[in-house]
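Mind docking chain B on chain A? Use the hints.
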Amino acid sequence: MIGRAVQFIPASKAAGLREVDAPQSLVAHFGVDTPLKMDAGVSLGPLTIAYQTYGELNAGKSNAILVCHALTGDQHVANRHPITGKSGWWHTMVGPNRPIDTNRYFVIASNVVGGCMGTTGPASLNPATGRPYGLELPIVTIKDMVFAQAMLIDRLGIDMLFCIAGGSMGGMQVLQWVASFPDRVFAAMPIATAARHSSQNIAFHEVGRQAVMADPDWRQGRYLEEGVIPTKGLAVARMAAHITYLSDEALQNKFGRKLQDRSAPTFSFDANFEIENYLRHQGTSFVDRFDANSYLYVTRACDYFDLAADYGGSLAFAFKGAKTRFCVVSFNSDWLYPTHASRAIVHALNAGGASVSFVDIETDRGHDAFLLDTPEFISTSRGFLNAAAQARGIAPANNGTI
Amino acid sequence: MAAKTGVIKAKRARAIPARVDLLLVADMVEAKSRVLDVGCGDGTLLRLLAEEKGVDARGIELSQRGVNDCVAKGLSVIQGDADTDLADYPDNAFDYVILSQTLQATRQPRTVLEHMLRIGRHAIVSFPNFGHWRIRLQVAFGGRMPVTRNLSCSWYDTPNIHFCTIQDFVALVREIDAKIERGVALDRFGAPLAYGEPWIWNFFGEQGVFRLTRKR
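Chains A and B, in that order, are what the protein sequence lines are.
Add 171 to the 1-based position in the first sequence for the numbering used here, that's all there is to it.
To convert, note that position 29 of the second sequence is 17 in the numbering used here; the numbers rise steadily by one, no gaps.
Just chain A, same shape as in the assembly (with noise of 0.2 Å):
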């Protein structure tokens, strides 16, 4: 770098991450005189904090849903992705007549910190220096954008959420948040999640982590100064990760041993399986919306996650007292965060004394299972809210149908 003009690119100029400084969604900002108080022993501030919303608010502000999103989610759970086009990753559970049903509900999403999609970040501009954090952004952790979101709940006027409703680190977040607001959330559902990281959760990370930092265009996080991205390096850990969130099973099925687009092996290193086609096309549609520093952040917030830790090595300790309905839900084809991580959670609860429903959906999906329309999830969703509402006293959609 020495020797060379520091060119700095804005990160709005970026392929894919015009979404950092001008993000298309609702913003709210914090000042340095409300910073976050992160984990890591210092003060974030200012913040921005991006978020879509859905429904309406009732008058007694009691059907309030936060969504939490998953590490590469963002707030764009049921309208159209402003980069990619496509619907809104949560839409089988989120929208009209869905189980968190925007006709019922108020629904809140917001991006967490250390995201990508308007929230502050790593590539969001550090405004002591005027140029993106990278790796000045302090460590963020679940607890932090927890912490983050119950300032923007604040910020809304509620009180008390009626659900927060999430999936793997959004499940983390909802875990998180029982255990520090548990008189802000009536009920909640943690899914294919766990209350800490595994040894291998962790390893899988760090093995994307390296791919990131191996590529020469990493250049230490400066990279958006320098006008280069990594995308080989995120690309491939997106390979390695998108591996994880399948099943043997369904792998098997979907492409088995399928030759792309021939008849015989070439004797090369091309990509001659359809497999192999298919893990590149998600490693490279992946780096153009999401920033590789941001992956370090969220990687490393969920590799830090133990819940039990902050209670005195108890998960009980944790849900003491709680008086949240729980539906804690697995899918037993889930090998990233399995149903006895699952199971772990419903133990420490049911020692609490907590309400808690479980349920371990079968199906071949593995872990993505819980951003599919998979029937028996979907309908006991369905079922664990209504009956939910119905105790918070939440009136039933206005067009009639529950």
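Since the hints were derived computationally from the structure, they do not count as laboratory data.
All C-beta atoms in this analysis are idealised placements derived from N, C-alpha and C, irrespective of residue type, glycine included.
Heads up, some of the hints might be wrong.
Examples of chain B residues toward chain A, derived with CB under 8 Å [said to hold, decoys possible]: (1) Val59; (2) Ala60; (3) Ser64; (4) Val65.
Frame of chain A; chain B shown alone:
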């Protein structure tokens, strides 16, 4: 595994008109208490207890369908197995732990019963009586494993792997140092038997329903 519960439930539903056994079980439960129903099926008993007696009702059910039905009713039910998952519950977490028509399908009935009495102050158990005269007749004179209206599976496909008689059950209760607080035997229509002599129960009762507690 799901099929196992399905078989039990289907059979139970056929066997006892109007679910007299459930009403009997409900009658043994104090209002406003905390109840865990192990093998709660579609949640019929839990709902009855919650609505009629204001009970804080929780359940464990093996089948996904049963759990879904319960969750949709607003009940707190966990997908799990009596044999493996009771161990995870803390001591004295409930006032009553109920095991309805499931004891004979568990792998370790004694351990299950001990866990129930550890988790709850009281255990309520209902089970089919293998000492009933029809069953005795079939074994004695037919020379084959019994198949009755209430126990309709053949020996090779029955989920019921640990049958006992009422007298066997009473002996087990003694062995695990528990005591019977209330007991009743039901005839084939689910009506309580008029006479309370143990041998009469063991001979004429198709079902036994008992409420137990720890001696100490």
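Evaluation of the provided hints:
The interface hint given for valine 59 of chain B is met, as the beta carbon of that residue sits about 5 Å from the closest beta carbon of chain A, less than 8 Å. For alanine 60 of chain B, the shortest C-beta to C-beta distance to chain A is roughly 3 Å, which falls under 8 Å, so the interface hint holds. Hint status for serine 64 of chain B: holds, given a least beta-carbon distance of 5 Å to chain A, under 8 Å. Using the Cβ-Cβ criterion of 8 Å, the hint placing valine 65 of chain B at the interface with chain A is satisfied: the shortest such distance is roughly 5 Å.
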